[in-house]
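Just so you know, we're using the working numbering here: the sequence shown kicks off at 46 and counts up by one.
Don't read these hints as lab results, they were simulated from the structure.
Misleading hints may appear alongside valid ones.
Unchecked claim - Straight-line Cα separation of at most 16 Å, EDC-like style, residue types lysine to aspartate or glutamate; simulated pairs:
#1 K168 with D88
#2 K164 with D88
#3 K228 with D300
#4 K91 with E203
#5 K216 with E203
#6 K216 with D300
#7 K400 with D481
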Amino acid sequence: MIAVAAPSVASLVQSVDWVAIAPPTIAAIAALVVLVADLFVADARKAVLGWISVAGLAVAALALIPLIGDERSTFCLKNAPYEACSYTADRFTLVVQFLVLAGALLTALLSISALKDAKNANKPLPEGEYWFLLLSSAAGAALLPASRDLATLVVALEVASLPAFALVGLKQGDRRSSDAALKFFLSSVTATAVTLLGVSFVYATTGSLHLTRVASQLTHVDGQFQTLAQAGVALTLVGFAFKTAAVPFHFWVPDTYVGAPLPVAAYLSVIGKAVGFSGLVLVTVVAFPSYADVWGPALAALAALTMTVGNVAALRQQATRAYSAVRLLAWSSVGQAGYLLVPIAAAAYADDPQKAIGSTLAYALMYAAVNLGAFAVAALVARTKPLNRVSDYRGLYAAHPLAALVLGFFLLCLAGLPPGIIGLFAKVTVFSAAVDAGLGWLAVVMAVNVVIALYYYLRWTATLFRAPEGEPAAHRFPAPLTAAIALTAVIGVALSGAPQLILHFVNSGLFS
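Using the sequences provided together with the hints, build the complete structure.
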């Protein structure tokens with residue numbers, strides 16, 4: 046009789062580090078608190094739900110402080126050949142979680158004013174549902190960069206995405222909102238299906254879902270399974286390309302941004318991209334490094350195509366067209382996604398892939414601050430100009446000099462021109478990553494696109510300072526909206542004064 050050794054109970058027990066998982070957990074708890082509180086708070090006092098949400102996101106962001114300078118892993122399996130963990134709080138995780146939670150906090154400040162304005166216009170949005178969905182999506186987005194197995198990665202991706210569908214379609218009776226939600230839903234469901242198919246192929250060929258084990262096993266795949274492994278890698282990358290709005294998977298972006306409440310569009314432009322790009326970084330650099338010769342050229346081509354289509358489409362926006370300001374920001378975000386893809390593609394060729402990924406994170410932090418700020422000023426103008434055309438910004442300086450100066454600064458940051466030093470610094474960093482990796486042709490394409498983008502950013506900036514037609518419109522500054530504009534402006538100015546701080550923080554030791 047042969048004795049079969051059973052796995053020890055200790056090897057199957059997963060440890061739980063509550064400090065490590067605190068940021069997404071606090072955001073999830075805040076979502077449940079808001080959901081329950083909505084049942085007991087009178088309609089006249091629903092605004093308190095917004096401040097509970099702001100407080101929850103602030104506490105979740107503060108929970109990152111104990112993790113700085115430390116690397117923690119939890120939900121670990123200790124069986125052979127070596128320990129593998131599903132959740133890791135390393136420097137990469139902390140940077141992305143800070144971006145997500147800070148961005149969600151600024152979105153919440155924008156939303157407080159937007160929900161109040163919608164109620165005053167007799168087009169109220171369901172506040173309890175709105176805050177629950179926003180916090181739930183933020184919790185999923187904060188979980189994703191810490192995910193170190195494919196199952197957790199997909200679950201986090203969907204927790205971040207599914208509430209966003211509902212947020213886009215919350216405008217009851219608004220056809221644009223319904224159409225936007227449907228397009229967003231269909232594209233995301235397609236992306237999820239493709240991703241799951243790719244993950245299943247990878248699991249079939251490696252026998253593991255943990256990213257580090259997948260990376261190890263992919264180098265030893267039997268010849269008869271090579272095609273299946275390659276298909277799994279390709280399909281997984283295509284799924285994440287949908288989430289990052291990379292061309293040709295970008296078709297949902299303009300209509301979704303226009304149809305969604307403006308704070309939700311701001312949220313998607315920053316947090317939605319952070320989710321997609323952090324997932325893409327994890328599957329390429331951590332899980333599939335042995336297939337760099339496949340995903341490197343593919344991402345380089347996607348980067349070139351994405352930045353070109355986004356910037357050319359933004360260039361063609363007519364200033365007098367309804368919602369042209371939001372559409373311009375939408376197409377601009379597609380172009381910016383192309384820049385963000387450049388260092389990830391460069392990581393396939395670089396001697397130090399983590400340094401290239403650091404360039405993406407540095408650019409993402411800059412983009413998050415200034416793009417949320419631009420949306421905040423757009424929300425201010427939309428209070429009196431609901432069609433939000435670029436032409437509606439004419440003479441903004443005459444009516445509100447500070448708002449015009451701040452928006453001009455944000456646009457110059459996005460263009461990469463002084464005094465927006467942080468934008469210039471971020472673009473130079475990305476450009477250097479391409480050159481150092483030997484992708485000279487991609488650096489040239491990026492340089493051409495930066496010149497194209499200069500035109501529409503400067504054209505909008507010039508509009509702010511032109512003489513107004515008639516009396517300049519007066520804009521009221523609600524306190525939450527003012528706080529959001531002020532915070533993004535302070536962050537942008539501070540980073541322009543010391544841009545090297547970002548790159549120094551994200552440039553090394555990203556992954557444990």
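Verification of the hints:
1. Of the supplied pair hints, the one linking K168 and D88 holds, its CA atoms being roughly 14 Å apart against a limit of 16 Å.
2. At roughly 11 Å between alpha-carbon atoms, K164 and D88 fall within 16 Å of each other, so this suggested pair holds.
3. For the proposed pair K228 and D300, the alpha carbon gap of about 8 Å is at most 16 Å, so the pair holds.
4. Note on K91 and E203: the hinted pairing is violated, with a Cα-Cα distance of about 28 Å set against a maximum of 16 Å.
5. Between the alpha carbons of K216 and E203 the distance comes to roughly 22 Å, so the proposed pair goes past 16 Å and is violated.
6. Our distance criterion of 16 Å between C-alpha atoms is met by K216 and D300, whose separation comes to about 14 Å.
7. At most 16 Å may separate the alpha-carbon atoms for a hinted pair to count; K400 and D481 meet this at roughly 11 Å.
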